[in-house]
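Visitor: Spelled out from the first residue to the last, the chains are:
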Amino acid sequence: MNTPTEINRNIPQLHGVHHTAFPTWKPKSTVEFYRDGLGLKMPHAITAKGWGRSENGHPDFLHFFFEAGDNSLIAFFYYIGTKPNPTFTALRGQYLGLARHTAWTARDVAELERWRTVIKRTGVKVTPVVRHETLSSIYFQDPNGYDLEIACQDRPLQEIDVVDTGLTIEAMIQTFGDDNPDEKTVYDMWHKKAELVRKYMQSTS
Amino acid sequence: MPNIYFPDVPEYQPLIQVLSLAKDVQCEKGRGYVAFKSKNDICIQREDTGLFEAVWFGALVGGFEGKIVRFDDKELRIE
Chain Z
13 MNTPTEINRN IPQLHGVHHT AFPTWKPKST VEFYRDGLGL KMPHAITAKG
63 WGRSENGHPD FLHFFFEAGD NSLIAFFYYI GTKPNPTFTA LRGQYLGLAR
113 HTAWTARDVA ELERWRTVIK RTGVKVTPVV RHETLSSIYF QDPNGYDLEI
163 ACQDRPLQEI DVVDTGLTIE AMIQTFGDDN PDEKTVYDMW HKKAELVRKY
213 MQSTS
Chain X
2 MPNIYFPDVP EYQPLIQVLS LAKDVQCEKG RGYVAFKSKN DICIQREDTG
52 LFEAVWFGAL VGGFEGKIVR FDDKELRIE
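Protein sequence lines, in the order shown, are assigned to chains Z and X.
My numbering runs 12 ahead of the 1-based position in the first sequence.
My numbering runs 1 ahead of the 1-based position in the second sequence.
There could be a bad hint or two in this list.
So the derived label-pair ranges between C-beta atoms look like this [claimed, not checked]: (1) E54/X <-> K196/Z: 22 to 28 Å; (2) C28/X <-> E44/Z: 28 to 34 Å; (3) K68/X <-> R133/Z: 14 to 20 Å; (4) T197/Z <-> E54/X: 16 to 22 Å; (5) Q14/X <-> R112/Z: 44 to 50 Å; (6) A33/Z <-> A55/X: 25 to 31 Å; (7) V70/X <-> G81/Z: 28 to 34 Å; (8) K40/X <-> A33/Z: 22 to 28 Å; (9) T134/Z <-> C28/X: 34 to 40 Å; (10) D25/X <-> M184/Z: 45 to 51 Å.
Hints in this document: simulated from the structure, not taken from any laboratory.
In this text the structure is predicted, and so the values were computed from the model without any measurement.
No residue lacks a Cβ here, since even glycine has one placed at the ideal position from N, Cα and C.
The shape of chain Z in the complex, shown without the other chains:
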């Protein structure tokens, strides 16, 4: 069985996140939050005339970056003269909003608690530390309404975690495919998972 950590020698490897990028229509508040509130350094900013595509309606813009640790960055585009686009910034409802987010790494729960203090000082609401399977997190939003998370890994992932992930994903694909079938529920998927786990336990290797 292929596993998420199995290395395929025929394809190159990725080395973590360089940056993620989002549009902003609140450049001042964005800088005040990330640079002044969270204390993230700003190593790079691009200012450009339509990226050479002004004739095609591409607005002039700034593209500025904040350091997010271990050489990763979070970046924003400010498109001059454009109106806020609610497709990006409007609240998308609790669960859909949270589904698209940026999660940064903290070393441990103590560091998460220190971040909670810093975030609260900016006036932004932040959740208590939430303990999940294998990691702990805090959640908050930036001034644009983008969802952010800081998480720490509570334990290293083991071989059984990788095996279990493979069986879960197989159960998901067999149950739901790409069809969004109305009649299928999470219970159908868990039944399929049990079938796969039982077979796995009974197999010898």
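On the provided structure of chain Z, position chain X as indicated by the hints.
Guide: Just chain X now, with coordinates in the frame of chain Z:
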């Protein structure tokens, strides 16, 4: 006859321990999983596990056989 499976990892130990002590529930371990089966309902009270919601509501991650008759913030019952 209900069955429930768990990956044998730290975060599911509270659930595994509760079922290990339950009457008429048989336990089988192998290849990184723990399986429980019973002739009667398999029932876990959340307060016996001390689990926060995030892990509690993922209690069926390893899969189950049978019918869920209750799965809320207080109890998981499979018949």
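Visitor: Taking the hints in turn, state whether each one holds.
Guide: Comparing the hints with the structure gives:
At about 24 Å, the CB distance of E54/X to K196/Z agrees with the hint of 22 to 28 Å. At about 56 Å, the beta-carbon gap between C28/X and E44/Z misses the expected band of 28 to 34 Å. At about 50 Å, the beta-carbon gap between K68/X and R133/Z misses the expected band of 14 to 20 Å. Taking the beta carbon of each, T197/Z and E54/X are about 20 Å apart, inside 16 to 22 Å as hinted.
Between Q14/X and R112/Z, the C-beta spacing of about 33 Å breaks the proposed range 44 to 50 Å. For A33/Z and A55/X, the hinted distance range of 25 to 31 Å is satisfied, since their beta carbons lie about 29 Å from each other. Between V70/X and G81/Z the Cβ separation comes to about 47 Å, which falls outside the hinted range of 28 to 34 Å. For the hinted restraint 22 to 28 Å between K40/X and A33/Z, the CB-CB distance of approximately 57 Å leaves it violated.
Judged by the Cβ atoms, the range 34 to 40 Å given for T134/Z and C28/X is violated: they are separated by roughly 50 Å. A hinted range of 45 to 51 Å is violated for the C-beta pair D25/X and M184/Z, which are about 32 Å apart.
Checked against the numbered hints listed earlier, the structure breaks hints 2, 3, 5, 7, 8, 9 and 10; every other hint is satisfied.
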